[in-house]
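Q: Let's have the full structure, built from the sequences with the hints guiding it.
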Amino acid sequence: MKKRPLSALCFGLMASLTAANGVQSTGVSASASATIVVSTHVSTSVSAACKEAKSGDPKERCPEPVTLQVLNDGTLIGTQGVSLTVSREADASNAATATLAYD
Amino acid sequence: MNHRFSTLKFLGLLLSTGLVSGSAMAQLSVGSLIGVVEATANASVTILNPLSITATGLGMSFGNVVTSSQPGTVVLAPTGTRTVTGGAGTMGQAGTVSAASFDVTGQKNATYSIALPVLATLNPQSGETGLPMAVTAFTSTLTATVLPIVWNGVLGTAGTATFNVGGTLTVGLNQAAGLYTGTFPVLLAYN
Numbered sequence: 085m086k087k088r089p090l091s092a093l094c095f096g097l098m099a100s101l102t103a104a105n106g107v108q109s110t111g112v113s114a115s116a117s118a119t120i121v122v123s124t125h126v127s128t129s130v131s132a133a134c135k136e137a138k139s140g141d142p143k144e145r146c147p148e149p150v151t152l153q154v155l156n157d158g159t160l161i162g163t164q165g166v167s168l169t170v171s172r173e174a175d176a177s178n179a180a181t182a183t184l185a186y187d
Numbered sequence: 002m003n004h005r006f007s008t009l010k011f012l013g014l015l016l017s018t019g020l021v022s023g024s025a026m027a028q029l030s031v032g033s034l035i036g037v038v039e040a041t042a043n044a045s046v047t048i049l050n051p052l053s054i055t056a057t058g059l060g061m062s063f064g065n066v067v068t069s070s071q072p073g074t075v076v077l078a079p080t081g082t083r084t085v086t087g088g089a090g091t092m093g094q095a096g097t098v099s100a101a102s103f104d105v106t107g108q109k110n111a112t113y114s115i116a117l118p119v120l121a122t123l124n125p126q127s128g129e130t131g132l133p134m135a136v137t138a139f140t141s142t143l144t145a146t147v148l149p150i151v152w153n154g155v156l157g158t159a160g161t162a163t164f165n166v167g168g169t170l171t172v173g174l175n176q177a178a179g180l181y182t183g184t185f186p187v188l189l190a191y192n
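Taken in order, these protein sequences are the chains called G and S.
Count along the first sequence from 1, then add 84; that gives the number in our numbering.
Count along the second sequence from 1, then add 1; that gives the number in our numbering.
To be clear, the hints were calculated from the coordinates, so they are not data collected in a lab.
All the given hints hold, so there is nothing to weed out.
Partner residues aside, some chain S positions facing chain G, computed with beta carbon under 10 Å:
| # | residue |
| --- | --- |
| 1 | 56 |
| 2 | 59 |
| 3 | 63 |
| 4 | 134 |
| 5 | 168 |
| 6 | 178 |
Pairwise CB distance ranges, derived in the manner of DEER restraints:
| # | chain 1 | residue 1 | chain 2 | residue 2 | range |
| --- | --- | --- | --- | --- | --- |
| 7 | S | 44 | G | 113 | 33 to 43 Å |
| 8 | G | 115 | S | 112 | 24 to 34 Å |
| 9 | G | 115 | S | 41 | 51 to 61 Å |
| 10 | S | 110 | G | 111 | 21 to 31 Å |
| 11 | S | 42 | G | 113 | 38 to 48 Å |
| 12 | S | 158 | G | 115 | 24 to 34 Å |
Chain G is nowhere near these chain S residues, computed Cβ spacing over 10 Å in every case:
| # | residue |
| --- | --- |
| 13 | 40 |
| 14 | 41 |
| 15 | 43 |
| 16 | 80 |
| 17 | 86 |
| 18 | 155 |
Note that the structure is predicted; figures quoted are calculated from it, not measured.
We treat Cβ as the ideally placed atom computed from N, Cα and C, and that holds for glycine.
A: Given below as structure tokens:
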């Protein structure tokens, strides 16, 4: 015998009860949605940008957060059109690590 | 009242209602029914306004959800707030987050019940390859009954009411990016 989904059985039960009692019933269908955004945990080097900084303070060598748009063109795997912010930290050799995160 | 006149009325009533056939009636002597008494009783009916329900607002929207290599859930409360568990995450750009909202009209001060589904499915847009996602554990701003899918409410003095519905979205590991949509039914009846 073909199994019916539990939801269908429950609805059938309520419909039967209301019908048996002569109770007027009605219903409506509502929409549901979700947008899935692929997680991106990317580390990359932005050492070139940091080398241009003049201050000796590692924090000031990479002072500005950078907002990127992931184009999903193969350079980065992400969701097209979603903005990212890269936070950067540089070590004494001016090698920097950037962490990308969705805004 | 004249007894004979009342008796004739009663005979007419029996005939008209089919309780006594014409031939049987012919065998009754009018005299034998003398002594029959009558009484009146009240009869009434209240016509209820028909129930109607309308889905309003933006529907049940879980907003933007960030996936990972672990499965997770997004719990959308009927108040419209969401929480995430497991590998599901949120982001600053929350997107549209809202519980489903419904307007009910019917008889003033009447109680009613709604039935929510056990399962709804959100499917990727046409042409996308993501796996369907399940929405379960539907909840409402109404009062839950013994049956987990049935919730009770009361129509106000104007014969109107509103309620919201939330649910739990299960997000698969590495769920493919994209918009997922679906529908779910709500059944409404007077108690």
